[in-house]
Structure formats: structure tokens, C-alpha cells
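**Q** What follows is the residue order along each chain.
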Amino acid sequence: MILTLAELAEFLTSQGMPCEVDGAASVTVSSVATLEDAGEGQLSFLANPKYESQLSTTRASAVLVKPEVRVSRGLNALRTANPYAAVTAAIVRLHGHREHPQWGISDRAFIARGAVIGSGANVGPGAHVDDDVQIGDDATIYPGAYIARGCRIGRSVTLFPNVVIYENCVLGDRVTIHAGTVIGEDGLGYAPVNDKWVKIPQIGNVVIHDDVEIGANCTIDRATLGSSVIGRGTKFSNLIAIGHGTKIGDDCLFVAQVGVAGSVSVGRHVTMAGQAGIVGHITIGDNATVGAKAGVTNTVEPGTTVLGQPAVPINDCKRQVAVVQRLPELKNEVRRLRRDLDRLMKQRENDE
Amino acid sequence: MILTLAELAEFLTSQGMPCEVDGAASVTVSSVATLEDAGEGQLSFLANPKYESQLSTTRASAVLVKPEVRVSRGLNALRTANPYAAVTAAIVRLHGHREHPQWGISDRAFIARGAVIGSGANVGPGAHVDDDVQIGDDATIYPGAYIARGCRIGRSVTLFPNVVIYENCVLGDRVTIHAGTVIGEDGLGYAPVNDKWVKIPQIGNVVIHDDVEIGANCTIDRATLGSSVIGRGTKFSNLIAIGHGTKIGDDCLFVAQVGVAGSVSVGRHVTMAGQAGIVGHITIGDNATVGAKAGVTNTVEPGTTVLGQPAVPINDCKRQVAVVQRLPELKNEVRRLRRDLDRLMKQRENDE
Amino acid sequence: MILTLAELAEFLTSQGMPCEVDGAASVTVSSVATLEDAGEGQLSFLANPKYESQLSTTRASAVLVKPEVRVSRGLNALRTANPYAAVTAAIVRLHGHREHPQWGISDRAFIARGAVIGSGANVGPGAHVDDDVQIGDDATIYPGAYIARGCRIGRSVTLFPNVVIYENCVLGDRVTIHAGTVIGEDGLGYAPVNDKWVKIPQIGNVVIHDDVEIGANCTIDRATLGSSVIGRGTKFSNLIAIGHGTKIGDDCLFVAQVGVAGSVSVGRHVTMAGQAGIVGHITIGDNATVGAKAGVTNTVEPGTTVLGQPAVPINDCKRQVAVVQRLPELKNEVRRLRRDLDRLMKQRENDE
Chain A
345 MILTLAELAE
355 FLTSQGMPCE
365 VDGAASVTVS
375 SVATLEDAGE
385 GQLSFLANPK
395 YESQLSTTRA
405 SAVLVKPEVR
415 VSRGLNALRT
425 ANPYAAVTAA
435 IVRLHGHREH
445 PQWGISDRAF
455 IARGAVIGSG
465 ANVGPGAHVD
475 DDVQIGDDAT
485 IYPGAYIARG
495 CRIGRSVTLF
505 PNVVIYENCV
515 LGDRVTIHAG
525 TVIGEDGLGY
535 APVNDKWVKI
545 PQIGNVVIHD
555 DVEIGANCTI
565 DRATLGSSVI
575 GRGTKFSNLI
585 AIGHGTKIGD
595 DCLFVAQVGV
605 AGSVSVGRHV
615 TMAGQAGIVG
625 HITIGDNATV
635 GAKAGVTNTV
645 EPGTTVLGQP
655 AVPINDCKRQ
665 VAVVQRLPEL
675 KNEVRRLRRD
685 LDRLMKQREN
695 DE
Chain B
345 MILTLAELAE
355 FLTSQGMPCE
365 VDGAASVTVS
375 SVATLEDAGE
385 GQLSFLANPK
395 YESQLSTTRA
405 SAVLVKPEVR
415 VSRGLNALRT
425 ANPYAAVTAA
435 IVRLHGHREH
445 PQWGISDRAF
455 IARGAVIGSG
465 ANVGPGAHVD
475 DDVQIGDDAT
485 IYPGAYIARG
495 CRIGRSVTLF
505 PNVVIYENCV
515 LGDRVTIHAG
525 TVIGEDGLGY
535 APVNDKWVKI
545 PQIGNVVIHD
555 DVEIGANCTI
565 DRATLGSSVI
575 GRGTKFSNLI
585 AIGHGTKIGD
595 DCLFVAQVGV
605 AGSVSVGRHV
615 TMAGQAGIVG
625 HITIGDNATV
635 GAKAGVTNTV
645 EPGTTVLGQP
655 AVPINDCKRQ
665 VAVVQRLPEL
675 KNEVRRLRRD
685 LDRLMKQREN
695 DE
Chain C
345 MILTLAELAE
355 FLTSQGMPCE
365 VDGAASVTVS
375 SVATLEDAGE
385 GQLSFLANPK
395 YESQLSTTRA
405 SAVLVKPEVR
415 VSRGLNALRT
425 ANPYAAVTAA
435 IVRLHGHREH
445 PQWGISDRAF
455 IARGAVIGSG
465 ANVGPGAHVD
475 DDVQIGDDAT
485 IYPGAYIARG
495 CRIGRSVTLF
505 PNVVIYENCV
515 LGDRVTIHAG
525 TVIGEDGLGY
535 APVNDKWVKI
545 PQIGNVVIHD
555 DVEIGANCTI
565 DRATLGSSVI
575 GRGTKFSNLI
585 AIGHGTKIGD
595 DCLFVAQVGV
605 AGSVSVGRHV
615 TMAGQAGIVG
625 HITIGDNATV
635 GAKAGVTNTV
645 EPGTTVLGQP
655 AVPINDCKRQ
665 VAVVQRLPEL
675 KNEVRRLRRD
685 LDRLMKQREN
695 DE
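Residue numbers (this note's numbering), protein chains in the order written: chain A, 345 to 696; chain B, 345 to 696; chain C, 345 to 696.
No wet-lab data here; the hints were simulated from the structure. Please note that a few of the clues may not be correct.
The list cannot tell twin chains apart, which means a pair is met if one copy fits it or any two copies do.
[Unchecked claim] In silico DSSO-like pairs for lysine-lysine, Cα to Cα no more than 30 Å straight-line:
| no. | residue 1 | residue 2 |
| --- | --- | --- |
| 1 | K591 | K543 |
| 2 | K675 | K662 |
| 3 | K591 | K410 |
| 4 | K394 | K662 |
Next up, chain A with everything else stripped away, as it sits in the complex (with noise of 0.2 Å):
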């Protein structure tokens, strides 16, 4: 799509975003980039001061900025109180979202005869569908993804390649799952027996619910019994291992690598840094952040924020680490002590 600035900042405005025109209306811009990779007939922006210095060097035909930036002369600025929320709009309406090949019904798709596929949904060459498994209309089955015996696939969802959905799962309408991703595999489910393990077979399954993204390679388990959960909305990076019977509330944002144990319940709204590791049968409320690299081994109160290893709230975290670093004067400082004392009780008992 090509727009004129005129109508970019109309569109804005028409978004909640207001904003203005300082310089040339009628140039036209068709995509977006950063300050430094920006050229003729792209738009770019400055969100993070940090890269000011470079609204003097960009060669973009126009920037987002806030009101009271300065821009060389020459340099068409659109003006608008938050340029991050305005370059977001402004990429979705410029580039709009990935469009999907148009493969229809593959005929080098593996379609069981008891499938039912939705009408408009794709199935690429090489996907896999097995008996009693409903896909939703306009749903995208990328090549390779495999979707196990009596699944059911909402509308408008996307597997990419090389997804699997072990049988029996749910997954919502418009739910986004990234390449390389497993779904429903069994978890760690064994009986100890004179010290060897023996298999429990888990017959529970996932459910995922509506307009949840999920990054690529990652594994969430089945439930022994029952559903492992990933509420409406949520949002999972990379690497991020869920397990049994696990529930995840709506609107959360896991970031790369998080590992959820089993029968966790993860409230709503729930923020979790790379890498933080939670175990197993507690309870996250609400709103909380978990920090990068947290290893949380008890419940977290809503609307709090842990950190460390054992987590603790992020400000005890912080003293503990600020008193850590200090340790080695701290230990002088005993040593001190020590000395001063031993000579004052010295002298002590030499007066008596």
C-alpha cells in the first residue's frame, strides 16, 4: 500500500493516534524501516532517545516523532505522542500481516478419510492429517505439520511447518503456532518401581484457546488426566517447555525458553522473562512478572514481581544482590571488627 503523509496521519488520527503533518503532505510512503536502513519512500520513527543523533543522517522520506522533536530541515516529520504505537499501526497498514501460500487442499496432503477440512483452509504438501481430526474454515496447514486422531483445529489458525498436535487436542480460532512445535506429547509420567519407571499412560490432552501464538520448537505436554491449558490471548516466544496438566491463564507473555513444571496454575495477564523455570503444583497469580532466569518454587502473590534463584519479590532480590556484590568488604569489615575487639578485650584483661 502506498500512502501520501496527508493520509497516513488521518489514518492515525482515525486510531486514536493524533497526528500531524510538519512538511510535505503529498510525499508518499510504502513501508517502514529503521532509522539507519530507511531510503526514499520509506517511513521511519523515533521511540528511544537513544537514537537521536540519527534523525540527522536518515534518508527516510518521514519520520514519527514526538511533538517536541527536532528534525533537520527537509526532513518530513509526522508528529504524534507516541511514535512506538503509531509505527506499530502504521507497519500493519502499510505491510498488512504475512500472507499465506494458497496451496487449497494439497494433493500431496495426507488427508485420513474420517477428516473434515473447513472450506478456504489450506493444506500444504506433505501435511499430515489424521482420522477424526476437524480443521476449521480458512485455517493454513503448513507443510510437514502433523495433526494426530480426533483433534480439533479452530478457524482461521496457522500451524507452520513441521508442527505437531499429538491426538485429541484443541486448539481455538486463530491460533498461531510456529514451526517445529509440539503439541500434546506426553509428559514426564512414571510410577517409580523398584528403581525403574514405569510408563502412565496420559490420557488427558491440551486445550488452547482463541487468538494464542505460540513461537517455534516448543513442547507442551498432555495432562495425565484431564487438559494442560493456554488461556485466550496468550502470547509464548521460543523453546518454552509446558508441563502436565498445567493451566495458563489469558493474556499472558512468556519470553524464550521459560519451563513451566506440571499442574502449575498461572493466573491471567502473567509475564514471565527468558528463562525463568517455575515448578511444579504452585500457583502464580494475576498480573504477575516472573524475572529473567527466576527460579519460583513457591506461589506468587497477583500483581507481584519475583526475581533470583530461589525467587523473591524483585526488591528483597535486588537488596540481597546489592549486599552480595559488597560480600568481600562486608567480610573485611567482620575481620576489622574482630581485630579492634580482640585488642580492646585485650587490653581489658590486662586491667584487671
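With chain A held as given, fit chains B and C onto it using these hints.
**A** Chains B and C in isolation, oriented as in the chain A frame:
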């Protein structure tokens, strides 16, 4: 399978778990569910006292409970000393293990001319079996799995979709590998030459012994020379990385996201909790336990439990953590000591 | 290949590793093995003194050792200053690098009409090459690999089975990507709107320069705008996550399960040990080393080694760890100081 409570109690008793019916012995159950989810025709159980209140609301047709537990009038109980072990046996009895699709050798699989496939084996559409591969009887190779030349795959092995086995690896009987796991990729074997990394061919392989189960999206490096080894009966969860030349003993249990570097020797019946990491070239003794997120940098003695980064015996770690969490207090106490001591020293000076 | 010891010594000498035969120069070797495993016709080596005792029991036909090492009578030695470098060269000489299957362009591959594939390239059965993709000469695309539209794949690239490359990514010459790795998936790019996460199209790509090797089941996010970049000659192990917009320099070495967040700038020849994590928007200087499990939250200066969570220079970290491990003692000493001091203060009061 449908069983009366009498039949189920008899079965459990025959398995070494004496069990008595307290209720209507002719009632039937056909599946297992949690207290919360169970309904008509379903068996449930109480193993964790935390869920005891659900006994009064469950709609299960029967519950496995300890002999001393009280249940509501009208709820059929099966009384046994270890309800968790009993429900495990009941799940196997009522549900059985997963049944795999029966593709036979799909004409949409790719089987190289020199491959030998045992009787009763299933090779799904889109699976790839390279030259000089042998696959045992009754094995199941799901779609998208790739087995490179020279591999030996035992009887009743299951490779879930998109598993990749590099050349010359050996899998014993009844090995199960979940979707997306990669076995035998090259490890990080490079020789440093003038600040560049020169590849060392990794000419070893991976040997996985009988009855091993490996989760989804794991990676097990082939050895540079010789074999990386996973011992009989060992079970892995997901997203686990094993380095080249590492040898892991029998009957180990590794939780998700564990990483073991190369040339490590892990004993038998070792447990590693989630996100634990082990540096290269060390030994972990038999029956040792490595705690969640532990960073193990030294040999671990048999039977010990280690925790922390760097990992130390668990009691030392807990003591350290307890002191660290009270460090701000300790620091304040040292400050008070200094103040008191200085005052005393001052007084002493004044005395003289 | 079969070589006499005389030929092998001559070869190593020609490679800048002067080598002398101490034994029967006409004996031949055709492969390399460890001291423990080697037999007739095999070459072994002693690089780590820890294994010296195996020199007396090995059945290798010859061993690479340092000039001063004593070997049993009857064991042929090849004496050279750096046996580890020499055995590396010998492995390459005797075994060569992996030979890929020769499928040509399989008629069971899916090649979109607009794709261009170089001469000598192999595209295996079940591989998928989308529209407007260019693949260089002599590349090997294994079964189940998926290359989305607009990608540029260099000469002699190897994509192992089930590798997925999202649209518009660029791979240089001789890039090797191991099985299951995903390149160019969307990063965690969402704008928060009323407690929900609104997707920001990720319109950038990933650029991987020449001679990069990436392990199995890694994930490299495409940039929101511009490119995520992996520099020439960099080598990754497995299960590594790289965030969107991150740029990594040449000749880096990353061990398994490393996670780097988005918009990070990593210099050249940086080493990251296993399970290290890097927060977003920071810089890691050239030749820096990040220790295992380190949590890096701030810029790392060139040439420094950091460790710990949060990461600090390694010597500071070691000092902190040493003090922490003796914290219970320190606490006891503080308690004794208080007791002694209180007694002294009491005496003082009594004096007055």
C-alpha cells in the same frame, strides 16, 4: 475396557495392591478422571490431601482412597494403601497405552533400496528411511521422521513425527522418541585456528539402550569418536541437550530443559530437575539428584543431592540461601557492631 | 583412506605440525578411535594426561603423543608437539567430512514454479522450496526442510531434515543448519493495548553469513524491521534462541541452550557457555566470554569474561561465591562479635 468395582479391586489386589470395595461392587467404570472432572462411569482418586474437600462434590462413580479416608454416603470407595500407585495401574488397565495408526509400510514413505524393515512395522507417509538402515519388528515410524544411513532401530521402537536420527546411530528395543527430537547431530567440535573455528568431523554415533523414552524437541549429539550413550530405561522430558561423548546410565530421569555438556559420565538412577546444567568432563555418581537450575561444575558423589550455582550439597545450599536472604540484616548488625565498638574504643581512649 | 604411518607423519608435517614416527613406519591406519576403543588399523592419541595409563592397554596400531611421552614397547608412536591438533587433522584426512545422499532434485520434493536451484544441488524427497527462492550450486536440502518464498540460499549450503526457513531470509555460502532448527519465525512483537497483546507484523528477515554452522532445534527470530544477523564463521550448538533484531559478529561460539534477547549487539569472536542468557538492547564486546548460566543485564566490555546472575567480571563473581559459601561461618562470627562486644559493654557499664 469396562470393569465392575469388584473386578477392579480384584485386579489391583492381584497386582500387589490389596484393595477393598466400600460401596456397590457391581457399579462399573470405564475411564479415569480427576475428582473435579469425573462423571458417571468414571473412576477417580485421592492421593494428595489438599484435594480432600473435592470428595464431597465429585460426581465420579468411584474413588480410590486410603483405608482411613471418609467419603460421603453414596460415593463408592475402593480402599487401598497407595491410591496413587493404584490409579496408575487402573489407568493402564482401563485405557491401555496409545494405539498407533496402522499404515503398514506406506507407499508414500521413502524407503531406500538397502533398508531392511521388520515384520509388523509401520512406516508412515512422508517418513524417510535411508540406505543400510535396519528397523526391528513392530516398530512405528511416524510421518516426517528421518532415519539416516546405517542406523539400527530395535523392535517395537516408536519414532513420533519429525524425529531425525543421523547416520549410524543405534536404538535398542522399545525405545520411544517424541516428536521433533534430533539424535546424532554433530556436537560443537571445532579446532581453534587463528581465531577461526575449523570443523572436526564427528565420526562417532549415539547408542540408546532398550526401554528409553525421550521427550519432544531434545538434541543428543553424536560422539566425536566412539559413542554418546543413553542407558537402559532412562526417561527424558523435553528440550534436553546432551553433548558429544556423554554417557548416561540406566534408569535416570531428566526433567525438561536440562543441559549436559560433552564427555560427562552420569551414573545410574540419577535424577536431574528442570533447567539443570552440567559442565563437561565430570562424573555424576549413581543415585545422585541434581536440583532445578543447578549449575554443576564438579563431580557429584553417589547418592548426594546438589543444588545452586555453582552446585553444592543441598543442605549447604539451603543454609547459604537462608543467610543470603537475611544478608541485609547481617549487614545492619555489622554496622551496629562497628558503631558500638567505636564508641567503646573512644571511651577507652578517653579513659587513658 | 589408508595411510602408512610414514605417510601420515609426512602429511601432518606438511600441515605445519612436525611429526616423527617412533616405530614401524610401514604400518597402516585407516581410522581414528579413542585409546579405549581403538583396535587393529586404528590411530589413537593422547592429549589429556588423565588418560595416560590407557597407553599401556590400548590396542591401537599407532598413537599420536607428545615427544616426551613414553609408550610401551611394541606400540607405534607418532610424536608431535600438539597431538590434539594433529588428531583433528588426521580425522579429516582419514575420514573426510560427512557425505550427503545424492538425490539430485527428487521428484518427491515440492519445488514451486518460480524457484531457481543451482547445478549440483540436492533437494531430497519431501523437501519444500517455495516460490521465488534461489538455491546455490551444490547445496543439499534434506527431506522435510521447508524454505519459504523469497529466500536466498548460498552455494554448498546444507539444510538437515526438517529445518524451516521463513520468507525472505538470506543464507551465505557453506552455511550448515542442523535438523529441526527454525530460522526467521516471528519474534515476540506485540503492542500492549488494554491488557491485550496486538501483533506487530515482523517484516524484517534473518541474514546468515558464510561458513556459519547452527546446531539442532535452534530458533532465530526475524527482525521486526531490518535484519537479525549471524556473522561469518560463527558456530552454534543446539536449542539456542536468538531474539528479533539481534546482530551477532563473526567467529562466535555459542554452547547449547544459550538465549539472547532482541536488539542485542554481539561483537566478533565472542564465546557464550551453556544456558547463558542476555537481556535485550545491550552490547557484548569483541572477544568477550560469557560463562555458563550467566545472566547478562549490562554491556560487557571487549575481552572480558563475565559470570553470575546478574553477571559480573569473573573474578568478582568467584570472590562473591567464595564468600557466600562461607557465609554461615561469617554469620556465626558476627554472632560471636556481638556476644563478646555485649560482654565488654556490660563490663564497661559495671565499671562506671
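**Q** Are the hints correct? Go through all of them and say.
**A** Evaluated hints:
1. K591 x K543: This pair counts as both: shortest intra-copy Cα distance 23 Å, inter-copy 23 Å.
2. K675 x K662: Close inside one copy (20 Å) and across copies (14 Å); limit 30 Å.
3. K591 x K410: between (41 Å within a copy, 28 Å between copies)
4. K394 x K662: Answer is within: at 26 Å inside a copy they meet the 30 Å cutoff, but 34 Å across does not.
Of the numbered hints stated above, none is contradicted by the structure.
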